Amino acid sequence: MKNRKFVNPVFPHFVHGADYNPEQWVKTKNIWDDDIRLMKEAGCNEMTLGIFSWSVIEPSEGVFDFSFLDEIIERIYSSGGRVVLSTPSGARPRWLSEKYPEVLRVSRWGQRYHFGERHNHCFTSPAYREKVKIINAKLAERYSHHPAVIAWHVSNEYGGECYCPLCTEAFRNYLRNKFENDIEKLNDAYWTTFWSHRYSDFSQIEPPSELSDMGIHGLNLDWRRFVTEQTIDFMREEIAPLKKANPSIPVTTNMMYDFDGLDYFKFRDYIDFAAWDCYPKWHSGDNAETAENAAFWHDFYRSLKMKPFFMMESTPSQVNWHEYNKLKRPGMDTLSSLQAIAHGSDSVQYFQWRKSRGSSEKFHGAVVGHDGTNDTRVFRSVRKTGEILSLIDEITGSMVESEAAIIMDWENRWALSDSQGFARYDKKYTETLYSFHKFFWSHGINCDIVHPEDDLSKYKLVVAPMMYLINQVSADNLKKYVREGGILISTYQLGMVDENDLCYLGRTPGCGLDELFGIWREETDTLYPDQKGRVKFGGQEYSVIDIAEVIHSSHADVLAEFSADYYSSFPALTSNRYGKGKALYIAFRDNGDFINDLMSVIISDAKIKKNIPSDGSLPYGITAHTRTDGENIYLFVANYGEKNTVILPLGKPYYDIIGGKTISDVLLKPFDFFILKTER
Amino acid sequence: MKNRKFVNPVFPHFVHGADYNPEQWVKTKNIWDDDIRLMKEAGCNEMTLGIFSWSVIEPSEGVFDFSFLDEIIERIYSSGGRVVLSTPSGARPRWLSEKYPEVLRVSRWGQRYHFGERHNHCFTSPAYREKVKIINAKLAERYSHHPAVIAWHVSNEYGGECYCPLCTEAFRNYLRNKFENDIEKLNDAYWTTFWSHRYSDFSQIEPPSELSDMGIHGLNLDWRRFVTEQTIDFMREEIAPLKKANPSIPVTTNMMYDFDGLDYFKFRDYIDFAAWDCYPKWHSGDNAETAENAAFWHDFYRSLKMKPFFMMESTPSQVNWHEYNKLKRPGMDTLSSLQAIAHGSDSVQYFQWRKSRGSSEKFHGAVVGHDGTNDTRVFRSVRKTGEILSLIDEITGSMVESEAAIIMDWENRWALSDSQGFARYDKKYTETLYSFHKFFWSHGINCDIVHPEDDLSKYKLVVAPMMYLINQVSADNLKKYVREGGILISTYQLGMVDENDLCYLGRTPGCGLDELFGIWREETDTLYPDQKGRVKFGGQEYSVIDIAEVIHSSHADVLAEFSADYYSSFPALTSNRYGKGKALYIAFRDNGDFINDLMSVIISDAKIKKNIPSDGSLPYGITAHTRTDGENIYLFVANYGEKNTVILPLGKPYYDIIGGKTISDVLLKPFDFFILKTER
Amino acid sequence: MKNRKFVNPVFPHFVHGADYNPEQWVKTKNIWDDDIRLMKEAGCNEMTLGIFSWSVIEPSEGVFDFSFLDEIIERIYSSGGRVVLSTPSGARPRWLSEKYPEVLRVSRWGQRYHFGERHNHCFTSPAYREKVKIINAKLAERYSHHPAVIAWHVSNEYGGECYCPLCTEAFRNYLRNKFENDIEKLNDAYWTTFWSHRYSDFSQIEPPSELSDMGIHGLNLDWRRFVTEQTIDFMREEIAPLKKANPSIPVTTNMMYDFDGLDYFKFRDYIDFAAWDCYPKWHSGDNAETAENAAFWHDFYRSLKMKPFFMMESTPSQVNWHEYNKLKRPGMDTLSSLQAIAHGSDSVQYFQWRKSRGSSEKFHGAVVGHDGTNDTRVFRSVRKTGEILSLIDEITGSMVESEAAIIMDWENRWALSDSQGFARYDKKYTETLYSFHKFFWSHGINCDIVHPEDDLSKYKLVVAPMMYLINQVSADNLKKYVREGGILISTYQLGMVDENDLCYLGRTPGCGLDELFGIWREETDTLYPDQKGRVKFGGQEYSVIDIAEVIHSSHADVLAEFSADYYSSFPALTSNRYGKGKALYIAFRDNGDFINDLMSVIISDAKIKKNIPSDGSLPYGITAHTRTDGENIYLFVANYGEKNTVILPLGKPYYDIIGGKTISDVLLKPFDFFILKTER
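Chains as they are written, first to last, in the working numbering: chain A, 1 to 680; chain B, 1 to 680; chain C, 1 to 680.
Hints listed in this document are in silico derivations from the structure and should not be mistaken for laboratory results.
Don't take every hint at face value.
Intra- or inter-copy, both count: the list cannot distinguish identical chains.
Claimed, not checked - Below 20 Å or equal to it, Euclidean Cα-Cα: the simulated DMTMM-like pairs (lysine to aspartate or glutamate) are:
1. LYS40 with GLU71
2. LYS99 with ASP201
3. LYS266 with ASP233
4. LYS244 with GLU141
5. LYS428 with ASP286
6. LYS5 with ASP393
7. LYS281 with ASP565
8. LYS326 with ASP530
9. LYS460 with GLU130
10. LYS536 with ASP597
11. LYS27 with GLU515
12. LYS607 with GLU561
13. LYS326 with ASP426
14. LYS29 with ASP188
15. LYS99 with ASP455
16. LYS661 with ASP672
17. LYS326 with ASP418
18. LYS244 with ASP371
19. LYS652 with ASP530
20. LYS178 with GLU229
21. LYS27 with ASP593
Remember, it's a predicted structure, so these values are computed and weren't measured experimentally.
Model the full assembly from the supplied sequences, consistent with the hints where possible.
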């Protein structure tokens, strides 16, 4: 039976489009004519409108002029295109901050910003919320029943913090609520008796900053939680008028790669589908590393809603904000677009359709350049991507099935990064996640990125690295998963603090995880960057870098031991049977060799399916990912290597959708890819 | 016929002098006695007075006391010296900022500074302008007819910005004026519709800063133009009372090496002669590089007024503000002083005559040290320079004639540096200028540094690197130059934006420069610092670094091609006949080898005269520059190498002015120099 | 006759204890039970209480609750322990800054901080002083006659500055007093006529900062002096009520390693004994360097009062605030504790007894970890240290006798570091002190660290490196010392400025030191980090780094000469007989080889006693230090090397106190130590 989930069933196709800001060219409408013609030629079926339009559609307070939007939506639609419509809150008009200065953010140093840049509105300001509600309602009423409109894109790249009196008071209320108006509960949770930091009233609370305090870790953590909650609260107010006008239009917001500032997991209950802006640094170094890193975040954003997502922004050539803005090499644009599809995206979208003539992003890559023609390598590449997407349209809505998952958690990320101790300024949490993800990526194994409280029962293998902060619910979730037969791998720094950043007392890992893993931790050593330790595993020696724990096995099997330093012969890797499953603990960081060798054993043990049969990893730079509609399996094979050509046996015959024939092996030159099909 | 231009015809001699701050020693007049004696002994014929004297000559508001100036001017003059008199605006007295806080600058973060340091007055403040006008008028009335006074030095090292309300309003007025009170013109020029940044009134404008906006490039550019204009406006008010009292005393202000903050070209209409402060980092690395760099700026400051200039400050030993303050090696002080003369200076001046006893510059090199004697290597070196200057006095006022020029433009420098994209934080504009200048410098070829709108007809060869921002006037100027027979070399990044930092639409380089060069640019690639490309030219391969453009020849000859990467076989160097001339375009940056080999062909083609006949460049570190009074040619030959000794044939006999005999070759040990003479 | 000085004669034993903050656990008194039991087990006889207790003992203004202190002091005492009691001023309660905002510091940028962190009270604030006086008096009245209390520890790690109006006014008064209300005296001292910086009234003075002025070096220096004076003034007000209640309880404050901000020499007149917090970076690189560095500061803090001191804080395992927080290897904790004893400490104290559960220091090493047990390597190590201390209890109160001393001076350190010129951002003053100290340390020679005005007559050898700022009293002190037979070594940069940072005029070194050393300095050269000079001494060549002076011998013997660069054959080392002694001058910095070879000659010449006979230095990492009670000599031999094992002959038989037998040589594995005894 087919299992396809469309972002919007009225448009069950891959979206191929771009951010489009035609209000820049309203005085030169011949450029609009060119645009409409070129969109068709490029195989683009969608444009995202309205992101920066506020100052045009509401030029002064309460004065609205939708003429440009009316016209451009009509022209796009009548030439066969669709529209994703944005709410304009990401860049407010100047009159708003002039009349209501409270909408301007206040810095952590207490300074009210002037108007300028983007993203700098106070999320708490009632005036801003009111004005956004009005403009969103106007837009929704006017366009949400227009057949061109297939989705809402609220605001733009939410982010940042504000330290104004309104936000400060909102933060106090957040804490009053959390601690049930009992300041003593807060004192206990923040351990304020140390350093004589006790609060006697919630009104004494200031957001953490260099002006006040950065050393109360519980406060720091709650501030970050509050920032996420306040942002979401703002987003919910943005969405309400949209849903009121037409609840059937799906809503999303565009998230940013590996952005640390907001707990994106918290957003998933409020958006209908996920969308993100994808800007890897292709050709900057090891291209396979770059591809793996992008793949990690594709996997994350897909896992967020466990269904197809949008790659809402990408560049067809180069960005303008990296330190060095290198051009994508021929082939890389299409390859990286299809990477999104392979990992579950139902869109390939660019920022932006046409390069701006002026202002800060005028040199950011775009489909159409300042020359305004189709006679460029970049335009031809986008057109090619469009052609391929139309050839594989049947894949739209199909799903990714994974037997393995990696646990990621923003609260843990924040707490770890904030912790004083260990390698103080670089805990390498995401890097450690990547190092496990890279194993799956390079072995042709699908992988989800999940939250510690998610249902894990569908996975054969779950990896939970560096779960420094863990609460009882998550710990119980891990235990349940293993008890019922799962294989769980965790690492050093597991279970050190609770949800308030208070250390677990007694033997750690806390929350009963010592029982799950059958070990206890005595102390944690930090290595200087020029120091290396050693571990022996399976007759081989591995290097230890950065961190090593002195642990004791209480009832686990010791599979590897340290072989240097004073903790030589102490456990470095343990495995503990628990219920029907198994929990492994890695007590040190390695450069990847150990993870590779260990995981190879584990996946064979767990009978994890590789998308293409292989001994060990696929050749360098080669990947194999699948989507399925329940009846067919779609296999995406690609070569991210910049130099190596590979002949890869597929293990069985597949139908090559683009080539139009059945094949059993593929020849992959650099940046080559195949989209193959077989019955499930 | 003789052609000599004197800074002040009443004193037609080389000026050999120093900044002198005798008000520091007013309680120990025996030091004045020593100074007067030592000046004579050192061959110093000039002292620059009054730079930091304000608090002494106007100790409280409206109370004036010129006694110390009266006395010291008299003493200097009566012992045979002359005086350059400074206006004291560079360091105001404390009472002024106490009574009129508006004279204090406001930082880009909105904070009003306290009194302190130098250079920190608001250029807009009416109070400051008024007080400066009064003190300048007093000085001019009292001293501008004194026979000792040969020039005015207004203020000291103008620089810096102020964000106070007065400056903000002045900036708004500047823009009102520029955009003819039409905010829509400003919106168009700044492309504010992007990011919804539209202004509805000039009163909404804030100077660009971290508190407001750094992303409106047109605004950033106009702010820098405004800062230059406001500084010049201030300077003009300073000059007015001086000229009123005695219009025959020439006026200058001391500029700073490669200072980025002010468009020095704009100053040339308001000063009578150019002057600058010259502090190269001798002996810090490759000494020839250091010498070339200093030579570039000597050439610039000479070209500013196309006549002799002053080297207003230099150190006879070391400075105190470099990261490492190394002593000049024996010989280097005289050599670097004569470098200024060789490039057209009519002065050798030091900062300062005598080391201060306290405060921030007490360890800056000076002619007389804290020991107060003549018994130092430094004093002897200054004395030697004085002797040489008196021997070559006939050279005073003679001119430098160049057949080649390099175009430099501050507005382009600002816009390039501000541009987001490419190598984001380091565009290397001045470094690229130096790389071309180095060719001339190392081949014994005189070279001017000119503005893009200057008359170019006198040059056989003009090099215009990285002209990213170019206006129609400049573009037409380049075309006219080539049409009439000139050879023009330009490079990557030519003609990308107009004077408002708006991208040229259609094929670029814009402004019709695609026609001049016969090429068009498709895209621009940025290389990471560890990446190298390749180019083939004349049977040889060259490395490509930093930047490479994918260009197409429309009607130019392709002289070199890329030989690596996807743009292999695309043009890397083109040449286009245009009118009677030729326009060459270099599409990549190299480490200097390519420039060297290409320029060698070009100068032979253009029949550019070398000051000494040579195959290829002069030996390492050796230079040959000329001045002429119309009848004689004065040839300056020098060795900046720290180790190499060279015997250099001169190609014909010259009269060695210092040695007093005719010679045909010279033996140059490290830091040796010769000043030679022949008939024109 | 025995000569022992006890910190407090009522407790004539080594103190083995820790900072203890039991108010954190007041809701879980079972932890108190554990603590009391574990203290005994660990051999801890002391706890430091009250450091962060203010918010508990005075929960709101004027409301006092000493119940927790009453109970815990009683419990510690009744189980055999003693208490050092802290005043709580280092971390004030929140109500205090709410009611009296003046107690909060103002930053150098003029911003009033909010409540937060520690150490951030205004030292001038009358309100803060008043509140501290009250709480200190309460504590003193209640506890200073309790038999448990053996010492006072006032505040905690004094440090930092405040730029509030109260401090600004106090600074002005400090200057009014210093300059006898005569602003002209200040102008002369600060050399304000340069840059027109003259003051006309003391009310114009602002503390130096980026908002005002950083270039008036005399002002900078007086500001630092004022900060020390104001801090001490605050400390004196803290101490007064303590002494009033019971003058027999000795008072100290804990100082911080190499802290630059306060002139610790100035504290010695107001404390009864010295105490410091010792946190070397063991195992981070060359462990012997680390040990030498710690030894330097042990020597300094002992020399401060010339009697036993306390090592008030140390970690038994790791800290949490280094960039990489490495664990002490087995043995290092005890070894580094005994290092303190060897250098004259009468205590081994830890921060802290038990790890906090939350807040910023929760991962700082402690005797008891979050597990709460005795079953850790760290606990066992502390217990072992306790056992050893009890075995060597007879050493308590014994003294260190040194024949050599190194001069250190905070005022010189400040002025040097502030000076513009030379290597502008890194003068390497303390590093240079260490390079001389290392010689003594590695040769088994005791060494004091003294102030330039201290009586030097007891030393055979005094080293006074880089005495850039020196006043007449110090200069006369040095001359007296040499005249009466001492050997003095000084270096480059001696005697450049006076106590106001004004350069000495005439020949330098100033203050008559040119006569003492028989040399004069012409100029000072700075080498770039990649440049090296050369010196010839005793037939051998040495490298010159960083700095070299061109000096002339007027009447000194030249013992070494430069052998490269233009100052080749100029003196590099001179020696001058003066009175009965000798003054040597080193004109360059070396990497240590030269110091080693020179000093070897000098100590043999001066007949300096080594604690163990040796040719040249002791083997790598081996040290030998002594204490004496007047009758016995206690020899501490240790191995700080991480790898080398050494058999070391002692030169004569010693009684091994721990081993309980007489021996003549020792086998030292890494981190081994011996405590030996012989008659004097």
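Structure-based check of each hint:
no.: 1; hint: LYS40 with GLU71; verdict: within (17 Å within a copy, 83 Å between copies)
no.: 2; hint: LYS99 with ASP201; verdict: between (34 Å within a copy, 13 Å between copies)
no.: 3; hint: LYS266 with ASP233; verdict: within (11 Å within a copy, 54 Å between copies)
no.: 4; hint: LYS244 with GLU141; verdict: within (9 Å within a copy, 71 Å between copies)
no.: 5; hint: LYS428 with ASP286; verdict: within (19 Å within a copy, 27 Å between copies)
no.: 6; hint: LYS5 with ASP393; verdict: within (14 Å within a copy, 79 Å between copies)
no.: 7; hint: LYS281 with ASP565; verdict: between (39 Å within a copy, 18 Å between copies)
no.: 8; hint: LYS326 with ASP530; verdict: between (32 Å within a copy, 13 Å between copies)
no.: 9; hint: LYS460 with GLU130; verdict: neither (48 Å within a copy, 67 Å between copies)
no.: 10; hint: LYS536 with ASP597; verdict: within (12 Å within a copy, 46 Å between copies)
no.: 11; hint: LYS27 with GLU515; verdict: neither (70 Å within a copy, 27 Å between copies)
no.: 12; hint: LYS607 with GLU561; verdict: neither (26 Å within a copy, 54 Å between copies)
no.: 13; hint: LYS326 with ASP426; verdict: between (27 Å within a copy, 14 Å between copies)
no.: 14; hint: LYS29 with ASP188; verdict: between (64 Å within a copy, 15 Å between copies)
no.: 15; hint: LYS99 with ASP455; verdict: neither (49 Å within a copy, 51 Å between copies)
no.: 16; hint: LYS661 with ASP672; verdict: within (17 Å within a copy, 76 Å between copies)
no.: 17; hint: LYS326 with ASP418; verdict: between (33 Å within a copy, 18 Å between copies)
no.: 18; hint: LYS244 with ASP371; verdict: neither (43 Å within a copy, 55 Å between copies)
no.: 19; hint: LYS652 with ASP530; verdict: neither (47 Å within a copy, 42 Å between copies)
no.: 20; hint: LYS178 with GLU229; verdict: within (12 Å within a copy, 46 Å between copies)
no.: 21; hint: LYS27 with ASP593; verdict: neither (59 Å within a copy, 48 Å between copies)
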